[in-house]
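Number of protein chains: 2
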Amino acid sequence: MSSSLSNGGATDAKASRTSRLASFYSEVQTSRLNHSLPLPSVLRKPFNVVDGPKSSAAGNPDEIAKLFPNLFGQPSASLVPSESGLGSDQKLKIGVVLSGGQAPGGHNVISGIFDYLQDQVKGSTMYGFKGGPAGIMKCKYVELSSDFVYPYRNQGGFDMICSGRDKIETPEQFKQAEETALKLDLDGLVVIGGDDSNTNACLLAENFRGKNLKTRVIGCPKTIDGDLKSKEVPTSFGFDTACKIYAEMIGNVMTDARSTGKYYHFVRLMGRAASHITLECALQTHPNVTIIGEEVAAKKQTLKNVTDYITDVICKRAELGYNYGVILIPEGLIDFIPEVQQLISELNEILAHDVVDEAGLWKKKLRDQSHQLFDFLPPAIQEQLMLERDPHGNVQVAKIETEKMLIQMVETELEKRRQEGAYKEQFKGQSHFFGYEGRCGLPTNFDSTYCYALGYAAGALLHSGKTGLISSVGNLSAPVEEWTVGGTALTSLMDVERRHGKFKPVIKKAMVELDGAPFRKFASMRDEWAIKNRYINPGPIQFNGPASNALNHTLLLELGAQA
Amino acid sequence: MSSSLSNGGATDAKASRTSRLASFYSEVQTSRLNHSLPLPSVLRKPFNVVDGPKSSAAGNPDEIAKLFPNLFGQPSASLVPSESGLGSDQKLKIGVVLSGGQAPGGHNVISGIFDYLQDQVKGSTMYGFKGGPAGIMKCKYVELSSDFVYPYRNQGGFDMICSGRDKIETPEQFKQAEETALKLDLDGLVVIGGDDSNTNACLLAENFRGKNLKTRVIGCPKTIDGDLKSKEVPTSFGFDTACKIYAEMIGNVMTDARSTGKYYHFVRLMGRAASHITLECALQTHPNVTIIGEEVAAKKQTLKNVTDYITDVICKRAELGYNYGVILIPEGLIDFIPEVQQLISELNEILAHDVVDEAGLWKKKLRDQSHQLFDFLPPAIQEQLMLERDPHGNVQVAKIETEKMLIQMVETELEKRRQEGAYKEQFKGQSHFFGYEGRCGLPTNFDSTYCYALGYAAGALLHSGKTGLISSVGNLSAPVEEWTVGGTALTSLMDVERRHGKFKPVIKKAMVELDGAPFRKFASMRDEWAIKNRYINPGPIQFNGPASNALNHTLLLELGAQA
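Top to bottom, those sequences are chains A and B.
Read in order, the letters of the first sequence correspond to residues 1 to 563 in UniProt numbering.
Read in order, the letters of the second sequence correspond to residues 1 to 563 in UniProt numbering.
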């Protein structure tokens, strides 16, 4: 990688770096270090950047225009082959920051930017801001070198420079960011993050441009949740790996269910705002029941509706002699159920202002519907709702173990049906939560390559003088050589939300679309999956051989390819 | 496989079987179907069976001799190359049964027996008893054919014929087994199971021999827990795969911990009787704290000791600036702590005979030490101890979420130290239980090959007329060709336990030995792992390329090889 080294030297250096790591790296980790990362052909030869038409916004363009006077309307950019190339050999100083939760592949985005500078703008300098946006504000950074970056190639996690959840929001914070940009003489900054972080990236780009700073800002789409995507950004990185890790576990649990014949496994899956992960895992594994939050919300379903649906499937399966099954539940289910939201907001009020008496008289302050729902909930969940408060006194919805709640509610409903003679079997629920184990896995070949291209493209966009774009790599169902590369105007992804009487720009989360190809495919199959056993065990992620380059179903279906 | 087919025909048949499966098998599952299974060279050529010296028992040989008058003292057997071979071409009728919990590789044991018969005793018949030992007693079986067996090659789970936990114990049940053996004219039966099931297999062998039935019985060592092993049986199958699946998840959680820098992950691992899984996972991943049940028991530690040890590490790490970590806990921890056992037995008594009053007066019936311990436990665990009873009214220890209990106890202890000024940081615990997802994964290359050899050997032992042996494949750190093959006298693994005034034969569970190489290696490293971050991420199980043929640490260390 370090181009000043002779070939022999490079090999020696690699060997020494690898041996330094050897005792802390597994054989698979070590083998991934030298996994080759193919680039789209447009990035392998001289290219130029071509602008598209003027852009608008995802909603309320007038407000977005006011919020981004310098950036609104700027075109998206595409890289195209060009014999002359960018024609600039000025050395660059580029910073990079990881923002928010981990997603497999983040290190490869950094490797991609780094290699772009090494390959195309020799003598450039790259800084990694430590611990997320706070690192920018406090000017805490490390200068990246080949030796520093190399051990993280194709590795999971964000531990190269770590991440953080701080935001650059207040005028003082923007001032701090400016000071860092000036101090380090930054030509560019790459912000690797989700919807919020990319909104923040765009605000930074606008601010730097408004202050006539040379520092340009490019975003990269990161989130295992898969809810940051658009026409030009087909997927966020990390989604592929996380889903495949969860699907491996789900497949194993399915085989276990079928072998044992006596357990219903309720699996809650990470992904609070949108149910993409749950949907993708369903498409990979064919569970008996899958709850999609967006459908629950669209149909205004109650917790009772969801419980009845699951119970119906269990009873039908019992008639067929199957007393086992697998049920997928999105982490954010509760957030999608209007009546639960209502109950929680009433509870927050009551707990903030009233005394909760042992006798339960406080419950009379709940509206009728909320009171009924509260009484319908299992005692353990009632307790969680009353006791688990965040520092602001609010219920911590993410701490509610929805899968255990549903097991208890299904148990109660089955008991009722047993009394009515409609159910005669034994029900045994097993709960699972698959979350943290998926955020930091070794990235799949897809995420490895995709991230490297995103990073390389971010380098190219900065090199060409662009700002306020999100790195966009498309045509992903084609071979890597044919992938398209460009940048999408971040303002074009934005809408506004009214908060505290002010308009705030937001990149709208991409929710599961009920008329989208992935959901339609699922909806067309789920009745068969419910009754018949169509379980698929995807197995562990492979880096070589069969399935090692398979794309996920969501991406394939959204790209119009056959999954 | 079916040797009557021409080569072309075999390929066509394979293709048709594969296409029949294609829609329910993932790409990895499909690719595993044709993964080749090398055999030890002694099984690939004509061989004979040579007896060793007369055997004894693991303990109380006189009692074992009384319990097994027909089998006690019989020698273990070894397969050795021999030009003449076994010299028997009489067709065989062989039954197979899966007993107890799932372990990856069970299907390959069946494939191995099946292929042995196809290859070496043409025209033989094989029956799979359905749903475990109950299938023998009820004579519920399926006749196995190439087409039936093929789709399960190298696949996880026990779903080919399923398993069960029934035992053949009473005279009536032995009678039923005899009737089945006579009805199907069985020459042999292979029992694939853990310590209990293999004890049962030996009782069956003794019974059949005593009744002058021709039916011989061979056992196979199965359990992910790794606690069925001896000098001649180096490991039970499934342990390798399950540990590697858990280690993948632990490695991911470690990378997450290091990247986020703010969570302590408490990971409970399946394996109730022994802590082999926890120890192996520790050797693979290098966690900050690992609790080994056998050590806790040997040192007569209390729950407070365990809590203090974890808290000490957390405080030391805080001083070094690390407010994150990973802690492994064996599922059976509570069973290893004498004071907890005492409390549980007192609770069982009280709950069976006394009224539990709201005011807590019942607690006065506890002994002082138990009373103190009960008050020391977090309320949620107190509640579990009071409410979660099995049908016999006993506490369901397996349902106690030890990892959550420890998080709460560590929280309390840290709060105490905070008040004393000895701890100043934020502690955030995250709980995990890795269990079911490891029992039915696709078997590793090691488990695939090992199981196939175990099955093939079981076929050979039955063919040579042996009974009451457990299939034994050794020299596992050498290349597969050099693996040794034989059978170990089941009575030689046995001791007696006194139950209800009678001696009962048992194969003693192989516990983690505190002076064994795996524990010693761990003990020599754990202080370094506690303070420094030596995390290793083993990554997902690979079937091709790097690490795909790696042996686990426990096996390597016990075989005296370098892990």
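If you're looking for bench data, these hints aren't it; they were derived computationally from the structure.
Keep in mind that this is a model prediction, so the values were computed, not measured.
Be aware that a few hints might be false.
For chains that are exact copies, the list does not tell them apart, and a pair is met inside one copy or across any two.
Keeping only pairs whose Cα atoms sit at most 25 Å apart, straight-line, the calculated PhoX-like set for lysine-lysine is [what the hints assert, rightly or not]:
| id | residue 1 | residue 2 |
| --- | --- | --- |
| 1 | K428 | K365 |
| 2 | K508 | K424 |
| 3 | K428 | K399 |
| 4 | K363 | K45 |
| 5 | K262 | K399 |
TODO: Compare the structure with the hints numbered earlier in the document and write down the numbers of the violated ones, lowest to highest.
DONE: Violated hints: 1, 2 and 4; rest satisfied.
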